[in-house]
Amino acid sequence: AQSVTQLGSHVSVSEGALVLLRCNYSSSVPPYLFWYVQYPNQGLQLLLKYTSAATLVKGINGFEAEFKKSETSFHLTKPSAHMSDAAEYFCAVRGNFGNEKLTFGTGTRLTIIP
Amino acid sequence: NAGVTQTPKFRILKIGQSMTLQCTQDMNHNYMYWYRQDPGMGLKLIYYSVGAGITDKGEVPNGYNVSRSTTEDFPLRLELAAPSQTSVYFCASSSHQSSYNEQFFGPGTRLTVL
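Residue numbers (this note's numbering), protein chains in the order written: chain Y, 1 to 114; chain U, 1001 to 1114.
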């Protein structure tokens, strides 16, 4: 069974500073990994996905994530935080052998300090 | 495309009442899902469907029922509402034709049971 662990339920960074949101996964098969963002009172929106084509994945709004098999990690980063990045971020995993279901982490709420 | 739509947006129920949460997608996706989101818990899968007439239980199905008579619609039924069902409910869909099975989410239904 697959699972993901997001370290830090709340992260605060200053505007313009580096954003780093951590996600570690557990999977018995090569995983597909996703980061979703949820803005207040909205549904989830896909930020980026890892599908084994490249270990560094670029997503929308300047976010990127690097798949590190040796560390079983898929951390989300953005070089310079913007006020509009304030949201909740979810890491998710699914197996790539016909398992369509996603397993989500518990989420990290990102606050941007002006 | 409207994507995934959910109605109602908000609802307050009394204990023991029943209701149906509606979900419709216009992307011709085979797969559809119902999640509930509770603070600090991430998203938990309630039920899912891989096509019209086929449904299966997710992680937290107790107290809920679903049906899938058409590709577009996937209603979630709550019978005998309980305070533990107070949550935000999200419907999602994904395409069987996508290797990565990216899920598209609706805006959610906020349900309070008093």
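Where hints are given, some of them may not hold.
As the list claims (entries may be wrong) - Some chain Y residues judged to face chain U by a derived CB distance under 8 Å, without partners named:
#, residue
1, LEU7
2, SER9
3, VAL11
4, ARG22
5, TYR39
6, GLN42
7, GLY43
8, LYS58
9, PHE90
10, ARG94
11, LEU102
12, GLY105
13, THR106
14, GLY107
Said to hold, decoys possible - Anything over 10 Å on all C-beta distances counts as not near chain Y; from chain U, calculated:
#, residue
15, ARG1011
16, GLY1040
17, GLY1042
18, ASN1062
19, TYR1064
20, ARG1068
21, LEU1080
22, ASN1101
23, GLN1103
24, VAL1113
Unchecked claim - PhoX-like mimics (lysine-lysine), calculated; alpha carbons at most 25 Å apart, straight line:
#, chain 1, residue 1, chain 2, residue 2
25, Y, LYS49, U, LYS1009
26, Y, LYS69, Y, LYS49
27, U, LYS1044, Y, LYS101
28, U, LYS1009, U, LYS1057
29, Y, LYS101, Y, LYS49
30, Y, LYS68, Y, LYS49
31, U, LYS1009, U, LYS1044
32, Y, LYS58, Y, LYS101
33, U, LYS1014, Y, LYS101
The set of hints was computed from the structure by calculation and includes no laboratory data.
The beta carbon of each residue, even a glycine, is placed where N, CA and C say it ideally should be.
Evaluated hints:
Interface hint status for LEU7(Y): violated, as the beta-carbon distance to the closest one in chain U is roughly 14 Å, over 8 Å. Nearest Cβ of chain U to the Cβ of SER9(Y): about 6 Å, under the 8 Å cut. The hint holds. Of the supplied interface hints, the one on VAL11(Y) is violated, with its beta-carbon coming no nearer than about 14 Å to a beta-carbon of chain U, more than 8 Å. For the restraint placing ARG22(Y) at the interface with chain U, the shortest Cβ-Cβ distance is roughly 15 Å, beyond the 8 Å limit, so the hint is violated.
Against a cut-off of 8 Å between C-beta atoms, the interface hint on TYR39(Y) is violated, since the closest Cβ of chain U lies about 11 Å away. A hinted interface residue such as GLN42(Y) counts as satisfied when its beta carbon comes closer than 8 Å to some beta carbon of chain U; here the least separation is about 6 Å, so the hint holds. At a threshold of 8 Å, the smallest CB-CB gap from GLY43(Y) to chain U is about 4 Å, leaving the interface hint in force. About 15 Å separates the beta-carbon of LYS58(Y) from the nearest beta-carbon of chain U, more than 8 Å, and the hint is not met.
Taken as an interface hint, PHE90(Y) checks out: its beta carbon lies about 6 Å from the nearest beta carbon of chain U, inside 8 Å. Satisfaction of the interface hint for ARG94(Y) is found here, the shortest Cβ-Cβ separation to chain U being roughly 7 Å, below the 8 Å cut-off. Checking LEU102(Y) against chain U by beta carbon gives a least distance of about 6 Å; that is within 8 Å, so the hint holds. Hint on GLY105(Y) holds. Least Cβ distance to chain U is approximately 6 Å, under the 8 Å limit.
At its closest, the beta carbon of THR106(Y) sits 4 Å from a beta carbon of chain U; the interface hint therefore holds under the 8 Å criterion. For GLY107(Y), the shortest C-beta to C-beta distance to chain U is roughly 5 Å, which falls under 8 Å, so the interface hint holds. Annotated as non-interface, ARG1011(U) keeps its C-beta farther than 10 Å from every C-beta of chain Y; the closest such distance is 15 Å. Distance check on GLY1040(U): its Cβ comes as close as 6 Å (rounded) to a Cβ of chain Y, failing to clear the 10 Å threshold; non-interface status is violated.
Not every CB of chain Y lies more than 10 Å from the CB of GLY1042(U), the least distance being 4 Å, so the non-interface label is violated. Taking the minimum C-beta to C-beta distance to chain Y, about 18 Å, the non-interface status of ASN1062(U) holds against the 10 Å cut. With a closest Cβ-Cβ approach of about 16 Å to chain Y, TYR1064(U) is found to remain outside the 10 Å limit, as its non-interface label requires. Listed as outside the interface, ARG1068(U) is consistent with that label: its C-beta sits roughly 14 Å from the nearest C-beta of chain Y, beyond the 10 Å cut-off.
Every C-beta of chain Y lies more than 10 Å from that of LEU1080(U), the closest at about 27 Å, which supports listing it as non-interface. The claim that ASN1101(U) lies off the interface is violated: its Cβ sits roughly 5 Å from the closest Cβ of chain Y, which falls inside the 10 Å cut-off. For GLN1103(U), the non-interface assignment is contradicted: its Cβ lies about 6 Å from the closest Cβ of chain Y, within the 10 Å cut-off. Annotated as non-interface, VAL1113(U) keeps its C-beta farther than 10 Å from every C-beta of chain Y; the closest such distance is 20 Å.
For the hint linking LYS49(Y) to LYS1009(U), the alpha-carbon distance of about 29 Å lies beyond 25 Å, and the restraint is violated. Note on LYS69(Y) and LYS49(Y): the hinted pairing holds, with a Cα-Cα distance of about 15 Å set against a maximum of 25 Å. Pair hint LYS1044(U) plus LYS101(Y) holds up; C-alpha atoms about 11 Å apart against a cutoff of 25 Å. About 24 Å separates the Cα atoms of LYS1009(U) and LYS1057(U), which keeps this hinted pair within 25 Å; it holds.
For a cut-off of 25 Å, the pair hint linking LYS101(Y) to LYS49(Y) stands: about 15 Å separates their Cα positions. A distance of roughly 14 Å separates the Cα atoms of LYS68(Y) and LYS49(Y); the hinted pair therefore holds under the 25 Å criterion. The hinted pair formed by LYS1009(U) and LYS1044(U) meets the criterion: a straight-line CA distance of about 19 Å does not exceed 25 Å. Proximity of LYS58(Y) to LYS101(Y) is assessed by CA-CA distance (about 23 Å); at most 25 Å being required, the pair is judged to hold.
For a cut-off of 25 Å, the pair hint linking LYS1014(U) to LYS101(Y) is broken: about 32 Å separates their Cα positions.
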